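Heads up: the sequence lines are chains A and B, in that order.
Using the working numbering, you'd call the opening residue of the first sequence number 1 and step up by one each time.
Using the working numbering, you'd call the opening residue of the second sequence number 1 and step up by one each time.
Copies of the same chain are indistinguishable here, so a pair counts whether it falls within one copy or spans any two.
SDA-like mimics (lysine to any residue), calculated; alpha carbons at most 20 Å apart, straight line:
#1 Lys133 - Phe83
#2 Lys93 - Trp116
#3 Lys133 - Pro78
#4 Lys93 - Phe83
Please keep in mind that the hints were generated in silico from the structure rather than gathered at the bench.
All of these numbers come straight from a predicted model, not from anything done at the bench.
As a plain string of letters, each chain reads:
Number of protein chains: 2
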Amino acid sequence: MPSCTRLCALLLTLLDPVLSGRTEDIDVVVFLPQNNSFLFSSARVAPALRYAQRRLQAEEGNFSSFHFHLHFYSSDSPNEALFAMVDRSCARKPDLILGPVREYEAAGVARLASHWNIPMISAGALAAGFGNKNSEFSQLTRIAPHYVKMAETFSALFERFGWRSALLLYEEDKQERNCYFTLEGVYHLMSEYPISQFPILEGDPLHVDEIVDSMNDSEVVIMCMGADRIRSIMLAAHRHQLTRGRKIFFSIELFNASTYGDGSWRRNDEHDSEAKQAYASLNTITLLRTVKPEFENFSLEMKSSAEKEGIYDCKDCGSVNMFVEGFHDAYAAVRHRLTRGHETRLQQEEWDRGDISHVEQNHRGHCGSGIH
Amino acid sequence: MPSCTRLCALLLTLLDPVLSGRTEDIDVVVFLPQNNSFLFSSARVAPALRYAQRRLQAEEGNFSSFHFHLHFYSSDSPNEALFAMVDRSCARKPDLILGPVREYEAAGVARLASHWNIPMISAGALAAGFGNKNSEFSQLTRIAPHYVKMAETFSALFERFGWRSALLLYEEDKQERNCYFTLEGVYHLMSEYPISQFPILEGDPLHVDEIVDSMNDSEVVIMCMGADRIRSIMLAAHRHQLTRGRKIFFSIELFNASTYGDGSWRRNDEHDSEAKQAYASLNTITLLRTVKPEFENFSLEMKSSAEKEGIYDCKDCGSVNMFVEGFHDAYAAVRHRLTRGHETRLQQEEWDRGDISHVEQNHRGHCGSGIH
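Construct all of the structure, not just a fragment, from the sequences and the given hints.
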């Protein structure tokens, strides 16, 4: 049974109190790391979930037959989330699991969640292996576009424009390996094209001339790394006259996070003018972001929450990246569906598609989370 | 804290009933696969545990303060053992875990066992990664010689006899990969020697001339594969005059199981005489096996149990391989120690060594399991 069918089967069961007039406690267990070096740390994501909790509580008022309880657990060390889930579930199993994000942690929790038939939603678990919904991950729904999506996007672009070869330029941190996994998907899915790779170790100096030389045999250059390095490479490529149509440049803004992507050409330095010209040849692949005013409110609220909670060790805790937005939307959507029993049939069809891409999530947001 | 110290700490706690005169239930959970293609299947190992149970019960009579209960669970699919342990532990956690054998299954159970401070003993979990006792595997004790032991044996032989190079000839099944993991240890530990490898895919025809050619540059040939293939290779090497001291040949009899190793030169065919001469140059690496009469009794009992239980889909279910012997010894040793409170200090020192090699187990067997 696909993940979303199972989720909806559970939603249907949970809807019983709506019809009977009883109220029901819904335990939502959330696994997020305390370590703020992660874009999906508790300090970043928890305020978004609490925001949804407050807003939906106010909207639902006394009409809801459900009391939602958010229980936060840390998932910093590899098995912490799995053990927390095992230890807390003897008394009462959770009704819904949000997170973890990282592959290893998500895999352990997703296997047990599937064994216990508990729906689990993550804005992570991006690796291709989680895609098999008939297996040990049957209860997992992924809310964010996983790594294969990026590969499919490039594959479609190459086919549409008749490009013939690519160079993958990426930062390799040997830990999270987000850029590596993203471009690994491109490499494998587009195996019929000649594709070369140029990993740049995090912390190593950037040898721009060597990098520019490596572009010689490729029509398209796909980059995944921090904003400053993108700027240095674009400046060097411009000086070697590789911009203005000679090569096609892409920068991937992973997770809608300021850590990755092209940022801006502007640094208020002597290269600004040259960088502006170079950036005219740079295309950015990013997630679709809504322009609805509700998103602006949500974004301001996140900044204000971070300030109120006095999180001083997290520079961008008030910013809305893919994980913050994804977990908010997932929680809001499930809650919205549970409290609007009459919409269940339509929603079941939507969930049945399997993993939910961000674009689909935006579409659903119109009637769901309301922040898009 | 090393695994065995933890085990003994638990043993000391459990010894309380001895002093107080109460009796205590000891729940022993055993994870073994039902699938008889495994050398450690339930049909092979469970009779050995029941044999120990009967024999020790009779020995202890009414003097024991403990009632031991064996609970068998299957561990055929990857997460079956972990889920069974989670599901059965809400009511009461087990006091001791035996198995699983395979790396993936053992890892999941060992992590949870360590989280819950439950001692776990396996005759498997042979990979080097389980060796770190300060980590997530702190409660795991391995009773069988793990893969690194084989590498250490060859390393010592090479140093003692001044050999200079080796060829690793092994069967590669791409599933259990026992020969691969065994020889991988040799390859890495002896990295200062020139070592070449020749994997032979299971099911592929044996190209003996090509294999013999590959021996040219190596002084020592180390083989890990089935008995019939060993014989074919030894015959070919003999015909190419590589025996009689020109090369040094080793055959690894993995797990003391008839599936691997040199078996015998005799096949009652026209090559018997030639094979006998060839085998005079073949050395076999096998586990030390006791010659004590108790082992003969145990072995006969295993055959008889297999016949009584009518296991028709398992040719060698009555034979005693390393897993059958290892699990029997582990259970008997722990039980013996628990019922002989006064021996605890000595035993703690022995357990404290960490993982227990089969040779050490033989030594301890004199006062422990009694079958050596």
